[in-house]
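Colleague: Protein chains in written order, with the working numbering: chain Y, -15 to 233; chain X, 62 to 698.
It cannot be assumed that every hint is accurate.
[Unchecked claim] Taking lysine-lysine pairs in the DSS-like style, the calculated list, with each CA pair at most 30 Å apart, reads:
id: 1; chain 1: X; residue 1: K555; chain 2: Y; residue 2: K0
id: 2; chain 1: Y; residue 1: K0; chain 2: X; residue 2: K609
id: 3; chain 1: Y; residue 1: K(-2); chain 2: X; residue 2: K240
id: 4; chain 1: X; residue 1: K452; chain 2: X; residue 2: K582
id: 5; chain 1: Y; residue 1: K(-10); chain 2: X; residue 2: K555
id: 6; chain 1: X; residue 1: K452; chain 2: X; residue 2: K573
id: 7; chain 1: Y; residue 1: K76; chain 2: X; residue 2: K452
id: 8; chain 1: X; residue 1: K609; chain 2: X; residue 2: K163
id: 9; chain 1: X; residue 1: K593; chain 2: Y; residue 2: K31
id: 10; chain 1: X; residue 1: K163; chain 2: X; residue 2: K573
id: 11; chain 1: Y; residue 1: K(-2); chain 2: Y; residue 2: K31
id: 12; chain 1: X; residue 1: K593; chain 2: X; residue 2: K582
id: 13; chain 1: Y; residue 1: K154; chain 2: X; residue 2: K444
id: 14; chain 1: X; residue 1: K360; chain 2: X; residue 2: K582
id: 15; chain 1: Y; residue 1: K76; chain 2: X; residue 2: K596
id: 16; chain 1: X; residue 1: K698; chain 2: X; residue 2: K313
id: 17; chain 1: X; residue 1: K555; chain 2: Y; residue 2: K(-2)
id: 18; chain 1: X; residue 1: K542; chain 2: X; residue 2: K593
id: 19; chain 1: Y; residue 1: K(-2); chain 2: X; residue 2: K245
id: 20; chain 1: X; residue 1: K444; chain 2: Y; residue 2: K76
id: 21; chain 1: Y; residue 1: K2; chain 2: X; residue 2: K609
id: 22; chain 1: X; residue 1: K582; chain 2: X; residue 2: K542
id: 23; chain 1: Y; residue 1: K(-10); chain 2: X; residue 2: K609
id: 24; chain 1: Y; residue 1: K31; chain 2: X; residue 2: K420
id: 25; chain 1: Y; residue 1: K(-14); chain 2: X; residue 2: K679
id: 26; chain 1: Y; residue 1: K31; chain 2: X; residue 2: K444
id: 27; chain 1: X; residue 1: K358; chain 2: Y; residue 2: K(-14)
id: 28; chain 1: Y; residue 1: K2; chain 2: X; residue 2: K555
id: 29; chain 1: X; residue 1: K240; chain 2: X; residue 2: K358
id: 30; chain 1: X; residue 1: K360; chain 2: X; residue 2: K412
id: 31; chain 1: Y; residue 1: K31; chain 2: X; residue 2: K596
id: 32; chain 1: X; residue 1: K555; chain 2: Y; residue 2: K31
id: 33; chain 1: Y; residue 1: K(-2); chain 2: X; residue 2: K444
id: 34; chain 1: Y; residue 1: K31; chain 2: Y; residue 2: K(-10)
id: 35; chain 1: Y; residue 1: K(-14); chain 2: X; residue 2: K444
id: 36; chain 1: X; residue 1: K596; chain 2: X; residue 2: K676
id: 37; chain 1: Y; residue 1: K(-10); chain 2: X; residue 2: K444
By construction, these hints were calculated from the structure, which means they are not laboratory data.
As a plain string of letters, each chain reads:
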Amino acid sequence: MKLTLKIWRQDNAKTKGKLVSYDLSDLSSDMSFLEMLDVLNEQLAVKGERVVEFDHDCREGICGQCSLVINGQAHGPEGHYTTCQTHLRSFKDGETLYVEPFRANAFPVIRDLKVDRTSMDRIIQSGGYISSFTGMAPEANSTPIHHDIAESAFDSAACIGCGACVATCKNSSAALFVSAKVGHLAKLPQGQVERMERVIAMVTTHDDEGFGSCTHTGACAMVCPQEVQLLDIARMNFEYNRAVCLVKD
Amino acid sequence: MALNAKIPAGPLKDKWQNYLAKTRIVNPANRKKLDVIVVGGGLSGGGAAASLAELGYNVKVFFFQDSARRSHSVAAQGGVNAAKNYKNDGDNIYRMFYDTIKGGDFRSREANVYRMAEVSVDLIDHMVAQGVPFGREYGGYLSNRSFGGVLVSRTFYARGQTGQQLLLATYQAMMKQVKVGKLKQYNRHEILDIVLVNGKARGIIARNLDTGEISRHAAHAVVFGTGGFGKIFYLSTLAMNSNGSANWRAHKKGAYFANPSWTQIHPTALPQSGEHQSKLTLMSESLRNDGRIWVPKNKDEQRSPGDIPDEDRDYYLERRYPAFGNLVPRDVASRAAKERMDAGYGVGSLKNAVYLDFKTAIERLGEDTIKERYGNLFTMYEKITAINAYKEPMKISPAAHFSMGGLWVDYELQTSIPGLFAVGEANFADHGANRLGANSLLQASVDGNFILPNTISNYLADDIRTGSISTDTPEFDDAEKAVKDQVEKLLAIKGTMPVDQIHRRLGKIMFKEVAMSRNEKGMIWAIEEIRKLRKEFWENAAISGDEKGPNSELEKAGRLADYLEIAELMTVDALNRKESCGAHFREDYQTEDGEAMRDDKNYMYSSAWEWENGKEWKEHKEPLEFTEVTPTVRSYK
Ligand SMILES: Cc1cc2nc3c(=O)[nH]c(=O)nc-3n(C[C@H](O)[C@H](O)[C@H](O)COP(=O)(O)OP(=O)(O)OC[C@H]3O[C@@H](n4cnc5c(N)ncnc54)[C@H](O)[C@@H]3O)c2cc1C
Ligand code: SF4
Ligand code: FES
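Chain Y extracted, bound-state conformation (with noise of 0.2 Å):
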């Protein structure tokens, strides 16, 4: 199949981007997105041009190194999949495609597609942990835990990092990714006794980091690669409350 690709390059966060054509042609349907830009890259780097510079590790959804937005929508059209998950067959032969990185302010461009989301780091820095030295841990089944709510701690811990929820969103809140973090350690009994403080300095580090504020479009839970669920932003809305009204009293 054929492709055009409108991809945007960028020599660093200093610099004016602009979006350029790139046609490809004799790709496969099987083929992922990412490997096609292996193909364009090898075919750039043939010629002795710059090649696009974007993000990725694993390659299989899970370490949230990659990203991208392709035509508008943050990891593909597909939605709840990684743009490494993403293959051809989601397009059309002989279709333009826009591919442009993760855009916040919050998340400066390094170059073409990668960008910086340490931000996210300095969010769980903040507070998005247990603080359990090695060596102190009781006997694992000292304290048992019900089926459901370890599972439910599962399912907000299951977020990969990735900021989709953050490219996506109009306000660049990253409200799901906070949350994510608080619900799974607020459902633990090992979160408890930092939950309190833990709410408070992450939604304050999230605000200091330029991240917009969550006004519940909804948008992010539709793109999210883990099915992290709106549910989870209301919860540390609640959470948030609850601490701030019991650390004053």
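Put chain X with the ligands on the given structure of chain Y with help from the hints.
Modeller: Frame of chain Y, contents of chain X with the ligands only:
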């Protein structure tokens, strides 16, 4: 240098406790005077970085991803083993130790394996305390499943994302230490050399992958948790950027490389669909609990799998290995698949796959049960192939997966370079010639969290009066210059052959001759081909762009340059071992019915290769002594 594994004296079961009782520890007040560099933010490196920071050392951690949470440990699906005996099915530390030794075909170091089984118990406690949402029974207690090669249920799991959950716990512990200032992280940094001062590892040279800047970092000790190098096959279950470079550069500075040719080829990955393919996604081994593997009996079978009746199917694992059937260890399953495909019975348009069929299981247990057990794997399969595996059998194929070999380390996890330690998949020793499923998350985690922090102190205790190490020395000057020269040399090639193409060709050579089944003639050919390819790479690789700012072609080229050398050592090692053991199957050393022929008389040792003058390697041998077990012939018939 003679190899000294420093195995503590005393009975096997007391060795680790004896070691802990006697090893030197560093006074907490002195720890802040000591700097440690950790390369790797996965389970092993990340665990070490967090634990060392908690103890009070000053730690710097480096990794090439944008966040440590993306290290390839994240991709592990199936689970992590521990001898908790929660199932009351007769498990204990000794049994786990024995299963691991046997699974490794009696080619691992007994004392290390026993210690891994011993510490496994603490690891589950640790991970639960960190908030890992392991699968639970309805009573609220932890649940277990069973994995290939063993008869008990000792595998803990978090759905099909166990590695992710363990890694996130480790990452969060790291982030906590970053916040309190004991740990400094360097993301998107690649380590391109280590620096030796008076024979000791005292620092590293790193390249910032965003800016191209080359920087120097000094420390009292360096720890590598750099993961596996299975990506040398190009098509593998590893991540695209996984590499062997840090280990290789250390090897060239004196670290011995042990059993480099022992690569696990996993039997259940997705097959290659075309030349463009960049990665082979793993389908967890747990699928073999309920799936049946077969190929058509007829070479020119044209019917779709659902239309082929049972009498025209060859369930070759059940046929050849009636006792273990579809649950034989990985090396056996992969080899049997290759045998059928080579004989022309492969399925799919490239005839490079076999069927993994759930029809019988769905009839017996119902689709819902299968969905509950493997739902996420079936979804993942469908996302990649657009095939619904509830209706049609999966197509699977063997893929390069895990490096049993790695940097040689002693019992303290120290390499042959004083002050350089290696943890996790980067080292060797625990898995012998074949790794059992769910033992590797375990090894990486316990190396980082429980073992290294307790052994490195014995080394650091000598450095409490050393003061901080300067980077302003001739040793750092030389190392930095060598790294810069290499970058320049790569960019000066300006050839016409894309780096990935060369890597694919290397992968094909290796997969053909230095993977599931090996023979002398093929490997002699492989060495010639590798050398030719290496020459072609340095003459004709197409690497565009410059050294300033991100340049993914340059990154790939640097890694491939090292792979092209590692490949030769792997082949030399495989050629040299004239026996079959575990994943190392020599066609010229097999029994009449095609099973492996081990030679304990001549090869009961780990090879540890020393780099000599850039042309040849010198083999050192670490004899393997078994005091508690008697090596037997592995039989799964
Ligand atoms: C698909 C898959 C599934 C698996 N499933 C299981 C399972 O179910 N159970 C099990 O027990 N095991 C499993 N394994 C094996 C297990 O996951 C790995 O062996 C283990 O996680 C390795 O951990 P590690 O810390 O040693 O390395 P990794 O997690 O790979 O980390 C390597 C780290 O080193 C860094 N690094 C490497 N080179 C450099 C360099 N030159 N410069 C800077 N940084 C560098 C990387 O950035 C990364 O942070 C699986 C493996 C794969 C690939
Ligand atoms: S919540 Fe979903 S979309 Fe957002 S970072 Fe996590 S996995 Fe990605
Ligand atoms: S590359 Fe890892 S999730 Fe896409």
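Colleague: Work down the list of hints and note, for each, if the structure agrees.
Modeller: Tested hints:
1. Between K555 (chain X) and K0 (chain Y) the alpha-carbon distance is near 28 Å, which keeps this suggested pair within the 30 Å criterion.
2. The suggested pairing of K0 (chain Y) with K609 (chain X) holds, with an alpha-carbon distance near 18 Å, which does not exceed 30 Å.
3. A C-alpha spacing of about 29 Å is found between K(-2) (chain Y) and K240 (chain X), which places the hinted pair at or below 30 Å, so the restraint holds.
4. A distance of roughly 44 Å separates the Cα atoms of K452 (chain X) and K582 (chain X); the hinted pair therefore is violated under the 30 Å criterion.
5. Distance hint between K(-10) (chain Y) and K555 (chain X) is fulfilled; the C-alpha atoms sit about 27 Å from each other, no more than 30 Å.
6. Distance hint between K452 (chain X) and K573 (chain X) is unfulfilled; the C-alpha atoms sit about 33 Å from each other, more than 30 Å.
7. In summary, the hint linking K76 (chain Y) to K452 (chain X) is supported, as the alpha carbons are separated by about 26 Å, within the 30 Å threshold.
8. In summary, the hint linking K609 (chain X) to K163 (chain X) is not supported, as the alpha carbons are separated by about 50 Å, beyond the 30 Å threshold.
9. Note on K593 (chain X) and K31 (chain Y): the hinted pairing holds, with a Cα-Cα distance of about 24 Å set against a maximum of 30 Å.
10. Note on K163 (chain X) and K573 (chain X): the hinted pairing holds, with a Cα-Cα distance of about 27 Å set against a maximum of 30 Å.
11. A threshold of 30 Å between alpha carbons decides the hint, and for K(-2) (chain Y) with K31 (chain Y) the separation of about 27 Å falls inside it, so the pair holds.
12. Taken as a hint, the K593 (chain X) and K582 (chain X) pair is honoured in the structure, with Cα atoms around 17 Å apart against an allowance of 30 Å.
13. Restraint check for K154 (chain Y) and K444 (chain X): the C-alpha separation of about 27 Å stays at or below 30 Å, so the hint holds.
14. Note on K360 (chain X) and K582 (chain X): the hinted pairing holds, with a Cα-Cα distance of about 28 Å set against a maximum of 30 Å.
15. A threshold of 30 Å between alpha carbons decides the hint, and for K76 (chain Y) with K596 (chain X) the separation of about 42 Å lies outside it, so the pair is violated.
16. Between the alpha carbons of K698 (chain X) and K313 (chain X) the distance comes to roughly 43 Å, so the proposed pair goes past 30 Å and is violated.
17. Straight-line distance between C-alpha atoms of K555 (chain X) and K(-2) (chain Y) comes to about 29 Å, which keeps the hinted pair within the 30 Å bound.
18. Between K542 (chain X) and K593 (chain X), the direct Cα distance comes to roughly 27 Å. Compliance with the 30 Å bound is thereby established for this hinted pair.
19. This hinted pair checks out: K(-2) (chain Y) and K245 (chain X) have alpha carbons roughly 26 Å apart, not beyond 30 Å.
20. Between K444 (chain X) and K76 (chain Y) the alpha-carbon distance is near 18 Å, which keeps this suggested pair within the 30 Å criterion.
21. Of the pairs offered as hints, the one joining K2 (chain Y) and K609 (chain X) holds, with about 21 Å between alpha carbons and a cut-off of 30 Å not exceeded.
22. Restraint check for K582 (chain X) and K542 (chain X): the C-alpha separation of about 40 Å exceeds 30 Å, so the hint is violated.
23. Pair hint K(-10) (chain Y) plus K609 (chain X) holds up; C-alpha atoms about 25 Å apart against a cutoff of 30 Å.
24. Note on K31 (chain Y) and K420 (chain X): the hinted pairing is violated, with a Cα-Cα distance of about 51 Å set against a maximum of 30 Å.
25. Between K(-14) (chain Y) and K679 (chain X), the direct Cα distance comes to roughly 53 Å. Violation of the 30 Å bound is thereby established for this hinted pair.
26. At roughly 34 Å between alpha-carbon atoms, K31 (chain Y) and K444 (chain X) are farther apart than 30 Å, so this suggested pair is violated.
27. Between the alpha carbons of K358 (chain X) and K(-14) (chain Y) the distance comes to roughly 39 Å, so the proposed pair goes past 30 Å and is violated.
28. This hinted pair checks out: K2 (chain Y) and K555 (chain X) have alpha carbons roughly 27 Å apart, not beyond 30 Å.
29. Restraint check: the Cα-Cα separation between K240 (chain X) and K358 (chain X) comes to about 61 Å, which exceeds 30 Å; the hinted pair is violated.
30. For the given pair, K360 (chain X) sits about 10 Å from K412 (chain X) by alpha-carbon distance, which is consistent with the 30 Å threshold.
31. Under the criterion of a C-alpha separation no larger than 30 Å, the hint pairing K31 (chain Y) with K596 (chain X) is consistent with the structure, at around 21 Å.
32. Straight-line distance between C-alpha atoms of K555 (chain X) and K31 (chain Y) comes to about 10 Å, which keeps the hinted pair within the 30 Å bound.
33. Straight-line distance between C-alpha atoms of K(-2) (chain Y) and K444 (chain X) comes to about 38 Å, which puts the hinted pair past the 30 Å bound.
34. Pair hint K31 (chain Y) plus K(-10) (chain Y) holds up; C-alpha atoms about 19 Å apart against a cutoff of 30 Å.
35. Restraint check: the Cα-Cα separation between K(-14) (chain Y) and K444 (chain X) comes to about 22 Å, which is no more than 30 Å; the hinted pair holds.
36. The straight-line distance between the Cα atoms of K596 (chain X) and K676 (chain X) is roughly 14 Å, inside the 30 Å bound, and the hint therefore holds.
37. A C-alpha spacing of about 25 Å is found between K(-10) (chain Y) and K444 (chain X), which places the hinted pair at or below 30 Å, so the restraint holds.
Violated hints for the displayed structure, listed by number in ascending order: 4, 6, 8, 15, 16, 22, 24, 25, 26, 27, 29 and 33.
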